[in-house]
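For the record, the sequence lines run as chains E and V. Just so you know, the first sequence maps onto residues 1291 to 1685 in our numbering. Just so you know, the second sequence maps onto residues 6 to 596 in our numbering.
Any given hint could be a false lead.
As the list claims (entries may be wrong) - Coverage of chain E stretches by chain V, computed from C-beta distances (three or more under 8 angstroms per stretch; other residues unrestricted):
hint, region
1, 1349-1356
2, 1488-1497
What the hints assert, rightly or not - Non-contacting residues of chain E with respect to chain V, defined by C-beta distances greater than 10 angstroms in every case (computed):
hint, residue
3, Leu1480
4, Ala1520
5, Gly1660
If you are wondering where the hints come from, they were derived from the structure by calculation, not from laboratory data. Backbone N, C-alpha and C define an ideal beta-carbon position, used for all residues, glycine too.
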Amino acid sequence: MPRKRLSEFRAKTIVHHALTMPYMGWSIDAEDDIDRQLQTVQSDAERFVVKVDQGIKGRFKKGLVLLNVAPQGLGDAVRRLADKGYRWCLVEPMAAHAQAEERYLAISHTRDGLFLTANRNGGIDVEGNAHTMTSTRLGETTDWASIVAQTGFNEHSLRQLMQVYNDNHCTLLEINPYYMHWKGPRLLDLAMEVDDTAEQLVAGWSEDDFRSTTVKALTAEERAVMQLAAKSPASFTLEVMNPDGAVFLLLSGGGASIVVADEVYNRGYGAVLANYGEYSGNPNQQETYLYARAVLSLLLRSTAPQKVLFIGGAVANFTDISSTFGGIIQALNEVAGELRRQAVKVYVRRGGPRQEAGLAMIGKVLDEHGLLGAVHDPSTPLTTAVDEALQKVTL
Amino acid sequence: MIHELRSQSAKIICLGVHPGIIQSVLDYDYLCGREAPSIVAIIAHGRKQERFFWGEREVALPVHASLSEIDESTRHAITAILNVLSARRVLESSLEALTLLPNLMLLDIFAEGVPEQHALQLARAAKSQKVIIVGPASVGVLLPGTMKLGAIGGTQAPQIEKAKISAAGDTAVISTSGGMVNEIIHTVTANGLGVSMAVALGGERFPTLTPAEAFLLAEADTKTRRIVYFGELGGADEYDIAQLIAQKKITKDVIAYIAGTVAELFETPPQFGHAGAMANTQQETASAKKEILRSVNVAVVDTFGELAALVVRIAKEHPFVPGLQARTIGARYRRPIASHVSGDVAGDVQLLGNDLLMTVESHSVASLTLSMLLGEPVHHKKLVDFTDYVLRLLVDHGPYVSGAVNTIVAARAGKDLVSSLAAGLLTIGPRFGGAINEAAACWLRGTTEQQLAPEFVESFTSKGGIIPGIGHKKYRIEQPDPRVMALLQFASNSNEDRYTKFALSVQAVTTAKKGNLILNVDGAIAAVLLDLLESELGYTKQQLESLVQAEFFNALFVISRSIGFTAHFIDQRRHDEGLFRLGANDVAYLG
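Make the full structure from the sequences, and use the hints.
Pasting the structure below:
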């Protein structure tokens, strides 16, 4: 998925390098030996900042930034944050400054080009200062002098930031806050979001620098689907929303999957929606099998009393219905007995290449296993078929 | 723009090979009753043609390594590009197409995962060159009755046959989702309306053709009466559309479905299936977008049942008559081998497109040989005369040459005709008889790259100094090879003998170094034949290059010399002298 946040550690390394400033910061992985990693913290500083480095917004207000940590307290500080469910931390020397000095600067882009947004009043409450926020388009006609006056950065540094933004295929570069020191800008918190499709084109970052904002541990099924997606030219996503939900989705197509999930939500079944996800790009039979197996495994674990599985999507352009359903059937066959014991009903609605064969095949299998809710071809509107499945679930 | 595309027969080049999609385009063309496929060429590496079905029959689409290899008149005729290359090759290949195809109107990009910066660069190029670029991550553009550019509408013939999309209706379908564009086409046609145009914009953050721009295309399209739109959360495109409607720049009826209300369930919503499907502000949520569209009287539907009902209601007033499908497609069988030379038609053997006997009777041996080697009937007198002369000239060069020696040795060992002939033929290679082809490659390269003879010769000096087609043991510049003199009689062709002139200019440089480095028979045949093929048959550089790759120039030697080898075999058999063996004095033992 295209826009991803880099770790603050990586982002700061990139920006400091571009501004030819030294960067003092240590990235700590709480799942590894914390004390051993902290031995690499070589600094004369008497006090440190320890903060969660997982691309989370509003960290300060969420208590994910620990200030004034003594060198001997670093290990405990990291462990305190790790106990909240986080894995990555950033350790930096404290930079003494007054809160009134804190400024805000960001670069982003739209179809019309790069924009620099700045505010003399930055910091954790910057949203409250929207009226003093200014936005300038960066280009040939930019009035650099006024941005220099506004931000405190010199023109060369600002151009360097623009360069960093373009070279790294950034989609957002936000420095909030920073303050001006006689030696130059001091960048306290920095966020960089990049276009992950450009990984092969950039030198500054790689996939390893992406940080997920999620606190909860991924289920084995979600991890399995991520691995499947990484190895296949087709695409797969799976996200558990309610492990004990009643409505399970096994969908194909980016657009259709939202339509189906919307319908569940719009009809008031949002609270019992168990998962969101989809496969697309004509995966082969084996891949569809693995994906279906992950969804079925989640379904069987759910404690909801009456569960339904909705399989389907729109009228495909090039995804082979017969072949992809072949994989789904293989997965259904494996757990058919257990599905029947749990009284699961399966509803299908799908169209596309070789739909007749695919639909007939899955209808027959579901019927034989006593799992058949209904099987529809495209003559039944997608959302109508979803409604039918929802009837089976009592709220 | 849509009108312009509709007013002419679609001519498409496909960048990259996606067999399923290409076949579906040909099936659509065939079912619509087109006389020939809309895809005229494929750009890819590794092959010279790809076979597809045209109805039940197989046809070959030419494959070129690059767009620049395609001749100018074909390039001028191209109106659309289907780019199915991988994400990393999209930008460069698309920009090249814009440069090389002056009448290009529409370009569709299939790949997902094209970097945003590249998509934005393409959007700027599209504007400045006035080309509609759709995608990335687009399953295509459909103009019923005119063209199917991509997978849109389906990839299986039965699916396309049933889709009622072979004639234009009055409803435009615009969708950010590829799956949903087909779903909506189906909903529209199954419930009594027809599609005027359908565009899958691709669910990326910055679609090159924006929803608002697509709306303006539909507004300007005379066939379109109403627009059905599928949008998703994320981005602000619906605000642009609402503004266009408010400003009366869009006056046609609009029906819309905006997906993504489910995002309200999440504190931090996930990235949904499409890159663009992520709401960063309240304004970008599905609910807010539905609201703004409703405020300008767009019929926003909440379910697809509602959409179907709406279509049924409209169809009562404006029924669509899909018309009869022009053709149907029956059973197909993919042949393991394809041939342009000969094959059975209704049980009779055809040669070069005509009955075997008729072809044979209308050709001399030389013209038949040349025609079969080139894969097309050739009757040009000068070319045939030259071929005839070459076939006679190369027939034998005495029993001393290595090929003849091997034939004779095998014959005397008691081997049969075919084995002895094969012994001789297997001797043909880089040092014996194989130089005509290499000489042709040299003259072709030197001439078309406009090299100067001295630098051309220099380029060989560094590689050991042997230039194919140059040099003779006996003959010298002062004592020319009479066979070469005879071959050069066939010069004075309409291409001003550019290959022969180049070969002679090379000879001028080499003979200045050494008297026997003259143009030899191989070099002369290659040069004159290139001139004749270019002048008489109008062959292009690419066609000549592909002849070199196919070893056409050596084929003349192989065919002619087979007669000589056969003669030596029969001669040996007639006067049988028993097994040949070298004597002790014939081998210098250096052990």
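Quick rundown of the hints versus the structure:
no.: 1; hint: 1349-1356; verdict: violated (count 0)
no.: 2; hint: 1488-1497; verdict: holds (count 3)
no.: 3; hint: Leu1480; verdict: holds (19 angstroms)
no.: 4; hint: Ala1520; verdict: holds (13 angstroms)
no.: 5; hint: Gly1660; verdict: holds (29 angstroms)
Going through the hint list in order, the structure does not satisfy hint 1, though it satisfies all others.
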